[in-house]
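There are 2 protein chains.
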Amino acid sequence: MSEQVKMTALQYENDRPPAENPLKIMDLSLRDGHQSLFATRGRTEDMIPVAEMMDEVGFWAIETWGGATFDTMHRFLNEDPWERLRTLKRYLKKTPFSMLLRAQNLVGYRNYADDLAYAFVDRAAENGMDVFRTFDALNDYRNFETVVKQIKKSGKHFQGCICYTLTAPRLGGEVYNLEYYINKAKDLESMGADTICLKDMAGLMAPYDAFQVVKALKEAVTIPIHLHSHFTSGMSPMTHLKAIEAGVDIIDTCMTPYAYRTSHAAIEPLVMTLLGTNRDTGFDIKKLAAINEILEKQVMPKYKHLLDDSKVSIIDINVLLHQTPGGMLSNLVNQLREMDALDKIDEVYKELPKVRKDLGQIPLVTPTSQIVGVQTVNNVLHDTPDERYKMITGQVKDLCYGLYGKTAIPINPEVQKKALQGYPRGEEPITCRPAEVLEPELDKAKEEIGELAVDMDDLILYAQFPVTGRKFLEWKYGKSEPPESVKPITLEDVARRDGFVKKAKDGLLVEKKGDTPEKTEALRTFNVFVDNEYFSVEVDPVGGPMIVPAPQQVSSAVAAPSPTPPPAASPPPPKAEEKEPAPSKSTDGTLLLAPMPGMVVSYEKDIGDKVTKGETVVILEAMKMENALPAPCDGVIKANNFSSGDTVAKGAALSVIE
Amino acid sequence: MSEQVKMTALQYENDRPPAENPLKIMDLSLRDGHQSLFATRGRTEDMIPVAEMMDEVGFWAIETWGGATFDTMHRFLNEDPWERLRTLKRYLKKTPFSMLLRAQNLVGYRNYADDLAYAFVDRAAENGMDVFRTFDALNDYRNFETVVKQIKKSGKHFQGCICYTLTAPRLGGEVYNLEYYINKAKDLESMGADTICLKDMAGLMAPYDAFQVVKALKEAVTIPIHLHSHFTSGMSPMTHLKAIEAGVDIIDTCMTPYAYRTSHAAIEPLVMTLLGTNRDTGFDIKKLAAINEILEKQVMPKYKHLLDDSKVSIIDINVLLHQTPGGMLSNLVNQLREMDALDKIDEVYKELPKVRKDLGQIPLVTPTSQIVGVQTVNNVLHDTPDERYKMITGQVKDLCYGLYGKTAIPINPEVQKKALQGYPRGEEPITCRPAEVLEPELDKAKEEIGELAVDMDDLILYAQFPVTGRKFLEWKYGKSEPPESVKPITLEDVARRDGFVKKAKDGLLVEKKGDTPEKTEALRTFNVFVDNEYFSVEVDPVGGPMIVPAPQQVSSAVAAPSPTPPPAASPPPPKAEEKEPAPSKSTDGTLLLAPMPGMVVSYEKDIGDKVTKGETVVILEAMKMENALPAPCDGVIKANNFSSGDTVAKGAALSVIE
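Going down the list, the sequences are from chains A and B. At position 366 of the first sequence (counting the first as 1) the number is 352 in my numbering, and the numbers step up by one without a gap. At position 261 of the second sequence (counting the first as 1) the number is 247 in my numbering, and the numbers step up by one without a gap.
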C-alpha cells in the first residue's frame, strides 16, 4: 500500500489488539480548536461536559492551555487561566496536558526577562502542565534556553518546534530547504528535546513535501516527530497521510466540531483510514461520536456566532498563492480597503516578498507576519518606489536591532542602518541572545501591582499583561465589577437570540420607533469598541448637539507609521475638506485621532509638553502590536483624553495639540 | 515518494511543460456542487459569470446537468432544463459537458419505458451533452442497456458507474469485496464503456481501500478509471491521493465555494499537491482563484442561506459508524423524533443491516436508502420482534417483484412472499430486465398533455414529471402565472434581508403588532407547505372561527405503512385525547390526515366508495417516494379534499370517511 503503512488484519472491534506501531494523536480541541474557530473564547465550563470522556479516548496528550488562551481568558472571559489548568486536571486524570509556549515570549507578545520566564514555567508545571510545546517565530533556539532549563528542572516534557515556512510555493530553494529542517531538528535534539514538532501554522506543508521532511527527520534524529498542520489551505488531511507513510509518530487533530476551516483536520476520518493497518490508532469511533454529540448539542450553540461566515469557502487558497498565513492577507486587504487603496493590492503582493527578504527572510507567523505585512503596506502606500522604508515601524526597528533574535539570512544592511537611526537602545545591533539585554522584571511588576497580586500566579499574569491583567485582578478580588460582556451566555440566551433572528427572517419584526418625536430625531447609533469588542449602542444626547471632530485625512505629509488606516469619516467629512488634506482641527487645536480601534498603552507626552510634528505622542496597542502615534503638527499638548488601559474606537481624539 | 507519484522538476510557472501522465479533473460545481450544498437551487444566470473562465482551466469535463437539476429547475426555479444546456454551451465552448444519468430512471425517480429512455438520451445529446455518466442504484447493468444503445448511436461518451457500497466498516466481506468491483468493471468494459466511474456517493471509500480497488481495476480493464468520492465523512482528500497513487485517471472535485461538507473536496489543494510530479494537473492556481473570487462575491450571497448550518461540524461521522449515506440517518432520526420514538434509535441501527440483507444487500443510495430506511422504521415501530414486515411499503413490494432490478444477493424468500401477497402485477417476481414489463409511454403522455407540449423536449419533461411538468409548461407558455417563490433573488434582495437580520441582532427591531385589536386577536401564523417549500404565513380569518381537525394519533392499531411520522398537532391536541389514541373524527366522520408534507399523486378511492381499514385511499409523494396512505377505519369515502398535484401540509385532512 505504501512504504510505511501496511494492512494487517481488518478488525472492527474496539478491543482489537494493538497495532505494531500505533499512530499517536494529540487533541487540540480545547486550545487551538477554539482559538482557530471561535476567537479563543472557549470557557472552562464548556470543556467539563466532555472532559472525562476525552480522557478515555487514549490521546497521547490533550492541548489545554497556552497560545492565546491566557490572554483571552483573563481579558474577555473573566477566567483565571491558572484555575482552568487545575480544574481540567480534576476531570482529565490520565491524559497528559500540553501547552503552546511562545519560548521567551511565554504566552504574551514580547520577549520577557529571564526571571519571569523561569517563574512562568515553574508555575505552569506546578499547576499541572506536562508537555511544553515551545516555539520561536524566528526559529532562533537561543530564545528557548531559559524556558528549557526550567522545563527540565521541573521534570517535564520539552517538545521543540520548527516553524515551517517557505520562500517558494513548495519546499526548497535557498533558505527553507530540506537541509534547513534537518539542521533545526539536530539542534533541538542536542538541546535535549524529548520530541520535535513540525509546526505548520499556516497550512503550507504540501503532502509530498511532508513525506520528504518527515522521512529526512526520522533519519536525522532518534526522538519522535510530531506534526502540527493547519487545515487552512485544504491540504492537511493529505499531508497527514503522507507524513504517516513517512513514519511520523504523533499527529495533531481536533474533534469534529472544532475541526477544519482554519483549524485542523478531524480525528475520526483518520481513525477509519488507519483501521486494520500497522499504524491503527486503536481508538473507538463510537466514543468519539458520543463526545461529538455532546459538543454539538450543549456547547456549539454558544459559540456558533463566532464562526467566520463571511465566505462560503472553508479553505483559503491565498495561502497556496502567496505562502503566507491566511489571516495575514485578509488583514492587508482590509487595511487597503479602509484606506481606499485596494487598487494597490497587486503592488502589495509584489512588495511583500521583497520586504520579507530585506528583513532576513523570517518565517511568517505571529508576530512576524504582522511586522512584515505592516511594513509592506507602509512601503507601498507612503513612499515612492525609490523611497521605500521612509516610514519604519517600531517593530521593524526592534527586529533590526536584534530584539527578536537572529534572522534566517542577514537583514539588508541598508534597511538595518536606516531603521536604527536614532533608535533609543543604540544604533549598533546586538548579536547576543535577546533576553540578555532585558532587565529582570518580576520585582518591578510586584512593586507596581502591590497587594492586588496575592500570589505568584497573579504576579506572573500581571507581569505579562499589565493593563488587562490589573483589570482582571480587580474583578477577581472584588475591587471592581466585571462588565456584562465578560459574562458567559447560557443555552437559554442562545435560544432567545436565535428566536429573535428567526422572527426577523420570517418578517415578524418591524423597525423600532422612538417613543417621542424628539428622541427619534436625536437618536443615533454608534459602533463602540469596548474591551476589544464592538457594541452597537444608541446614543440619545441629553445636553446640546454632539460635536463630531472632522477626521484626519490621509496624505504622505501626515501619514502615521501605523499598520492600520487613518480613520474613515463617521459621519463623512464635508467634500470641501477632502481636497486639501490637513490635520484635523477642533476649535481649540489640532486633534491626534486613533487611526484604528485599540487600547491606549501610554502617553509619551504630558499636557504642556512641546512636540514637533512626527514625534511620538501616544502608544496604542492594536492587532497585538504597539503603534507609536506621531504628532500631526508642531505645538503644545493641550489635552490627553484617555488613560493607560482605555480602549478607544477608531477616530477617537486621543490628544489635542495647540 | 509513492509507487505511482514521482517528483519530476518543481516548476511553478503556469506554462510549465506537461507532466508525464497528468491527472485529469472533472469539475462538479455546476451540478453536484450546488446539489449537495444548496438543494440544487443553482440558477443558470449564476453560472454564466464564471463559465468562460472555467472553460479556460483545462478540465477533462464539466458536469452541468442531470441528477436532481432537471427536477429542481422546472419545479422550483421556473427554468427550462433543456435551455440551460444550450445556454451554457454558448459560454463553455471547449470543455466537454457531463451529466449524471440514472440509467432507466433517466432524471426521474422510477424506471421509465424504453421509448422515453431513447428519446431522452437522443435529445440530451442533440442539446449538447457529451459525457453520459450512467448509474443504477442496484448496479444492475441490464438497466443500462437501452440508454447505452442511444448514447452510442448519438456518438457520445458512455461512462459506466459502479456504485460503491460496503457491508462492513471497510472494503471486504461477503458481497462488496474486491472481486465484486473487478467483475462490475469487466461487465462495463464489455458493454462498451468508454470510462468507468467508481461512484462513492456516501463518502464511504477509505483511502487504502481506494488504493486497492483502483489498482485492481487498472489491472482488470484497459479503459480509464474515474473516481467520484463525496467529502461527507472527511476521508475523500486522502482517498483521492491514494487513488492517484494507484493510478486513477480522472478525479471529481469542486471549486472551493462549492466544496467540502456533503459535496466534494476542492480542486486547488490537489493542484498544489501534485505540482512538480508526473501527475501534475498543469492547472494555473491563479485562474482558479480568480473564478473563486467572482463566485464568492457575486454568487454565494444568493445561496448562503441554503447551507445546512444546523451543526458546526462539516463532516458526518455517522457515515463511518453505520456505512450509510449521511442524509439517510438524519432522516431516520428526524422521523423517530417526530414520532416521539427517539429512544428506539439503537433498535433502528440494529434492524437496518438486517432489513438490508433481507432485501438483497442492495447498495444504499437514492432511492434504495429510503426504501431500506423506511422499512426499517416500520419494522421497529409497528411490529413485535417476531412480527417484522407486518407493514410493507409499496416500494419494498416493487423491489421484491423485481421492478428495480436484480439485487446483489437473493431477497429473503419469506419476506418476498409476504411482500407479493396480493401484489397487483402478480405474486411471482420477474427475472427479466425491469423495463421489459413497461408499456411504451410517450404516446400516452402526448395524449395527456396535448398541445401544451410544443416539442419533444417539452414532452419528455412532462413524461417524467406529469404534475410539476404540466405546471411548468403552463408557466412557460403563459397559461398561468409562476408564483413569487420561483423567481430569482438579486444581490439587492440579499442585502435587504441581511440588513434586516443584522438589525434584529442589534436589537433595532421589535415585534410586529396587529393594526387593529380584532386583527391582532385573530391573526395566527402557520407554516404552509407550497410546492415543496415552507412558507410562514399569517392568516386572518374573514368568516367564522377556524376549525382545526384533531390530529391522528400514533398507535400500532392505526399506524400507516408510511415512512414518516403521523402529524404532530398544530396546535397541540388537548391532553385528554393523548391518552386514548383513536382515528381523528370530525363531526361528520373520520379524517385521513397527511402524515407528512407532500404532493397528492392520486386518490385510489372515489367519493362513495366503501373502504376497509388499511386499504389504500390516497397516494402521497414525499421524500421522492410514493406513500400509500391507508384508511384509518372501515367506512365510506365522504370527501376527497384535494386533487392530483396539490401540495399539502402535514396534518391536512386528505379524505373524510363516514
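Be aware that a few hints might be false.
Which copy is meant is left open, because identical chains are indistinguishable; a pair holds if it fits in one copy or across any two.
[Claimed, not checked] List time: in silico EDC-like cross-link candidates among lysine to aspartate or glutamate, alpha-carbon distance up to 20 angstroms:
| # | residue 1 | residue 2 |
| --- | --- | --- |
| 1 | K330 | D429 |
| 2 | K172 | E425 |
| 3 | K272 | E333 |
| 4 | K283 | D332 |
Honestly, the hints are just simulated from the structure, not real lab data.
Each hint tested on the structure:
1. With identical chains, the CA atoms of K330 and D429 are never at most 20 angstroms apart, being 48 angstroms at best within one copy and 64 angstroms at best between copies.
2. For the identical chains of this complex, K172 and E425 are neighbours neither inside a copy (31 angstroms) nor across copies (77 angstroms), given an alpha-carbon limit of 20 angstroms.
3. Only between protomers do K272 and E333 lie at most 20 angstroms apart by alpha-carbon distance; the minimum there is 16 angstroms, versus 52 angstroms within a single protomer.
4. Proximity of K283 to D332 under the C-alpha cut-off of 20 angstroms is restricted to the inter-copy arrangement: shortest distance 19 angstroms between copies versus 44 angstroms within a copy.
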